[in-house]
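From first to last, the protein sequence lines stand for chains A and B. Quick note on numbering: the first sequence equals residues 1 to 288 in my numbering. Quick note on numbering: the second sequence equals residues 1 to 313 in my numbering.
The hints are simulated quantities; they were obtained by calculation from the structure and are not laboratory data. Do not take every clue at face value.
Claimed, not checked - If we take Cβ atoms under 8 Å as the criterion, some of the chain A residues that face chain B in the derived model are: (1) Leu7; (2) Leu40; (3) Ser76; (4) Ala129; (5) Ala259.
Claimed, not checked - Covered stretches of chain B, as calculated for chain A (at least 3 residues, CB under 8 Å): (6) 116-130; (7) 162-172.
Each residue gets a CB set at the ideal place from its N, CA and C atoms; glycine is no exception.
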Amino acid sequence: MSGTRTLINPAQQSRTLYRAALVLIVVAFTLVFLGPLYLLVTDGLKGTTEAIQTPPTFYPHHAQFSNYSQAWDRLSISQLLLNTLWYAFGALAFQLVFDIGAAYSLSKLRPVLGNAILGMMLATLMIPAMVLVVPQYLTVLDIPLLHLNLLNSPWAIWLPSVANAFNIYLLKRFFDSVPQELLDSAAMDGAGALRTLVSIVLPMSRPIIGVVSIFALVNVWKDFLWPLLAEPDPTKQTLNAGIYSLSLGVPQNILIAAAAISAVPTVLFFLFFQRNIMSGLTAGSLKG
Amino acid sequence: MAVLTASSGTDSSPARATGRPGALRRSVQRNLAAHGFLIGAVLCFACFSWYPMVREVIMSFQKARAGRTTWVGLHNLNQVANDPSFWQAWRNTAEFTGMALVLGFGLPFVLAVVMNELRHARGYLRILVYLPVMLPPVTSLLLFKDLYNPDYGLLDRLLHLLHLPASGWLQSPNVAMLAVVVASTWMNMGSATLIYLAALQNIPGELYEAAELDGAGLLSRIWHVTIPQTRLILSLMLMLQIVATMQVFVEPFVLTNGGQGVNGSTTTVVYLIYQYAFNFSNYGAACALGLLLLLVLAGFSVLYVRLNRRAEA
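The shape of chain A in the complex, shown without the other chains:
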């Protein structure tokens, strides 16, 4: 930690009081934020009778590991997991290609009407997402001009995810900071717009691309209503929506085991990328 002075003067603090407060806070945080996860994992291990027994037990007296394999089969978790990965990485690919292209064009190529287009994109940030769900759903049912029905296809997740003004805004702000002289000298050497993007702008923009990528993946993983509507076939849904759709008639302990399994990928992802996620969170929030 930086050693700068905060609210309380460290010199005036008694050591024992600080220690006591520290222990108390760490224990309280652990109970509140980790405790529920402990219950998630252990409730998933309880047998059918123990899961619904009154009073409830704080830990499984007869751990039943077969719950997890049963949950895996009954809620077809492997299928849901594959769907989620397929949707998430597809959405990531589309967002990277189209949003980076758009941000690069708006920042460096500056086409006619570019600012008007950017303005219209940013205007969508003002519209609450839930208000648009109904007309968006009807659009996916029947794409204008093409008259395609995207229901139950991955396109219904991939293409709308591109229309993310926040991504374009973050990327454009970053591209703005790439010095124009670098691009000019690349142009002198005969590099076209695409060459310049790939060999100069992208290598300099790795941090922001990392942030955008992480949020692209997390968004698909956490979204609930859209995959539920756009992929009405439960075997085509994401893990988050699919567990809900398939939960009817599944015993409590099996359902909790399924929920525990579905938490594993995101928890691992988070622990692995936590530095990037947190820096992205504070970088984006102040500017958004």
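Since the structure of chain A is provided, determine the placement of chain B on it from the hints.
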């Protein structure tokens, strides 16, 4: 907000292009390339954002019957407003937003202030508060549904151990919304906490020193230094949270099935929109209600834009 900063570009090349022979062609080529990079995103926006925005407004005044759409003026709005659930849904939404602000806006600030005072374990605490944010929401909600269960839920067991009466949580119309707010706060408060923590770390330590020399006690230092120094981010987060919490859907949907079992005491506006559209296939009414919600939230958004503009200046 950013619309203002976006136009701060350098020279505009079309102006440079006039005069020399072949310059026009080059300018056209340049623009073609630029629009080529833009086209994918623009098509997606047109199809999945701009067109639905227009459609939302149009459909609010239309009715679809047997494959034909007719203009019905304010009929949809009228129908929605006369639904007995209408006012209840707005009341519930306001109740949710109010409670979510007390918990979800106040608590993260307190946590951030506390975490900022610690010189140890801060990395661990940061991971802890943000962990629930990363979980798939349905996972967290299924877990809370389990904890809230009146027969075998752990929370009633804890109340029992403390010699308090069982609460019924999601089953009781009086407590159900609070139970939904608690779950929602647990799931979402991590991001606000970390944003506040980042803001607190930017407060110059001299301010606290000076305040202390002037004899300011702990509370007075919070009131006169901490809060004024973070006021901008606090007000931004307040707007963001109002707009976000007024759109609450997943929590009541998964926890209480939208509130049907508890006299509709957790039915929210967005849940009502969902019902009109996807249970009754009454898209006109759903859009009319959506438009109303949009108008209410637009007020908060305008405020947000103004604050953000000041934050960028």
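Consistency of the hints with the structure:
Restraint check, Leu7/A versus chain B: the minimum CB separation of about 6 Å is within 8 Å; hint holds. About 5 Å separates the beta-carbon of Leu40/A from the nearest beta-carbon of chain B, less than 8 Å, and the hint is met. Given hint, Ser76/A at the interface with chain B, is violated; its Cβ is 15 Å from that chain's nearest Cβ, farther than 8 Å. A distance limit of 8 Å between C-beta atoms decides the matter here; for Ala129/A the minimum to chain B is near 7 Å, and the interface restraint holds.
The beta carbon of Ala259/A comes within 4 Å of a beta carbon in chain B, closer than 8 Å, and the hint placing it at the interface holds. Only residues whose C-beta sits within less than 8 Å of a C-beta in chain A count toward coverage, and the region 116-130 of chain B has 14 of them, enough to reach three; the restraint holds. For the region 162-172 of chain B, the assignment as covered by chain A is violated, since 0 residues bring a beta-carbon within under 8 Å of that chain's beta-carbons and 3 are needed.
Violated hints for the displayed structure, listed by number in ascending order: 3 and 7.
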